[in-house]
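Undergrad: Here's the letter readout for the chains.
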Amino acid sequence: MKKFLNLLVKEIKELITLQLFVSLLFTIFLFYFIGQMAKTEMKKAGRTQKIAVLNLDDSAFSNELVGNLKTANFQPEMIQGRDKQQAIEKTKASDTNFLLVIPRGFGQSIETQDIKEIETYSFLRSFSIVGSRSSIIINAVIRAMNEYLSNDFLKKRVPDVPPENLKNPIKSKDFVIVKDRMAEGKAEAVAGFVSSQSIFIPVILMMIIIYASQMVISAIAMEKQNKTLETLLTVPISRTSIVTAKMLASGLVGLISAVIYMVGFRYYMGGFMGDVSQAAAASGVTGVIQKLGLTMSTRGFLILGVSLFFAILVALAMATILGVLAEDYRSAQSLIMPMIFLVMIPYFMSFFADPKTLSLPAKILLYAIPFSHPFLTSQNLMLENYSAVLFGILYMLAVFIVLIIIAARIFSTDRVLTMKLRFRRKKA
Amino acid sequence: MDQVLVVEGLKKSYGRLEALAGIDFEVGPGEIFALIGPNGAGKTTALRIVATLLSPSGGKVTFLGFDLKKQPEKFRERISYLPEEAGAYKNLKGTDYLKFMAKFYARSDQETNEFIARARDIADLGKRLNEKAGTYSKGMIRKLLLARALMTKPDLAILDEPTSGLDVINALEVREIVKRFAKEGISVLLSSHNMLEIEFLSDRVGLIDKGRILDRGTSQELKDKYGAKNLEEVFRSALQ
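Heads up: the protein sequence lines correspond to chains A and B, in order.
Taken in order, the first sequence gives residues 27 to 454; the numbers are from the numbering used here.
Taken in order, the second sequence gives residues 377 to 616; the numbers are from the numbering used here.
Note that these hints are calculated values from the structure, not bench results.
Because the structure is a prediction, the values reported are computed rather than measured.
Glycine is no exception: its CB is placed at the ideal position from the N, C-alpha and C atoms.
Do not rely on the hints blindly, as some may be mistaken.
To be verified - Here are the computed distance ranges between Cβ atoms for each label pair: (1) A:Leu50 with B:Asn489: 47 to 55 Å; (2) B:Gln596 with A:Ile432: 29 to 37 Å; (3) B:Gly391 with A:Phe327: 46 to 54 Å; (4) B:Gln616 with A:Ile432: 45 to 53 Å.
Using the sequences and the hints, build the whole thing.
TA: If you want it as structure tokens, here you go:
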């Protein structure tokens, strides 16, 4: 045990380098910075929107219409004068991004039902996500005005019936059913909330698996490149201990790196998504989610952890075998590619496809990739498909046992020194 | 005199390529036995088999009565191997590297410290031992590795081209260290293609070419047998 600990400490020391620290700190700082910047911009976009208005009509109706925009979270700023070009120049010079021009005779046209077109001007000052929101805002302005107009029209014609009853006479009461639980709510709101809450799970899984694999492949490749492997293989410690120490150290450092990386990523995503939980609580979706049992319990997180643990073990064993094939650090970087693909396939499928609706070959491919199972675990747990979760864990365990036997056999034979894949052409 | 290492009919093939075609030699206590031959003769393969890195295709290797095939772990406890192009862990300081290696052999902390003290003496790198091995020159790395190989006073030190790539001064120092430790009772199996070095260092020599031992004996015996002035001439005559 003492010898194993000695080896494990050395492996960890070898992996935790100043370069690793610097790159992780830099990543966190970068993510935090971008996230904060995005958050500030999003907050700005969420505030009351200023809209410049040139009211050439100046009728009682159009003034009332503009005044009503305040109730729809807009702040109209009236432009004095009668010249459209001047109004455009004035708005351009200000910090307002929208201009609304109400034509002469607009109020009159409402009464004759020959409604004149209003003009909208959006000042695109950047092409960022925030900048591209202008069409959404203009649509909201037009929607608010149409709402006011149609309500006003209906009130005058059918004063005894609320306008809402005329515009949307059919009312619906929506229910969502998950397994044997039912709750009142909209399916898209539930699905949207669950996916927004679990968006991090596949990203975390992917990061941990890739980090840990890269660590172990590099660790073995570096032993070869630095010509230290031969010496290590002649010291009095079992080959299994050498393999295990490398895998354990890589797993630990990979896990820590991924967690640190994810903290930064959380800041980054938080900036773009805002506080989803607060919004959901305000809209009452959280109550529906709880009724449907779509929250992850402590037991659920534990099972997800076990699933992830086995996925890491499979990745480490696979990476150990690939590491033996590597001639040096550079070729190790090429060898990590097949593993990245194996992680990316279930990663994207978990976002875009429902495994149940896939064709049979695609389904077989998905379930044959060991890394698919942790990606599907959180969904399966929420939907109480425990047999699928158990199958995934047992499958990964079986794959791990097979791979570790192969890895241990390679390390106890000549192959650890003689196996290699060449990526560069041999010199003539 | 009981032999420390006995190699009988040792064979090794990589597919169709026959690296060793059945070689025999033995190393006695405190003896320096050298395998000499050109590149690709099979020296390193033989040393790697004795160091338990490669498994033989045939023949028998016995070390202090232990059979290589059955008890390789017994070999590893009491041998020390210095590969030709070995390196050290670049992120570890010299002392940390020595400590790391010493802990595999020491039975107590006191013994670990004794090993490190001996290694410091052999390496003679002074304060540089407190710096990371990544900053060392090739000569310094070689001395550090030799110190690692000898600090535990193994029953058999296997040294593959111990002075490979070293300048004259460093090579001389390494040779003197090896000789000193052999006098203290450590058996040494080494390989080299530097015939003059072998003549200075070894007690007995095995001439190897194309996986076969051409002849064995002390330098003087071989020179007398072939009527040669030095081992280079001996080797040329043996090839004919």
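Undergrad: Okay, glutamine 616 of chain B versus isoleucine 432 of chain A on CB: inside 45 to 53 Å?
TA: 49 Å, holds
Undergrad: Taking the beta carbons of glutamine 596 of chain B and isoleucine 432 of chain A, is their distance inside 29 to 37 Å?
TA: 52 Å, violated
Undergrad: Could one say that the CB atoms of glycine 391 of chain B and phenylalanine 327 of chain A fall in the range 46 to 54 Å?
TA: Given about 52 Å between the Cβ atoms, the range holds.
Undergrad: Just to be sure I understand the hint, the distance between the Cβ atoms of leucine 50 of chain A and asparagine 489 of chain B should be within 47 to 55 Å; is that true here?
TA: Between leucine 50 of chain A and asparagine 489 of chain B, where Cβ atoms are some 36 Å apart, the hint is violated.
Taken one by one, the earlier hints fail for this structure at numbers 1, 2, listed in ascending order.
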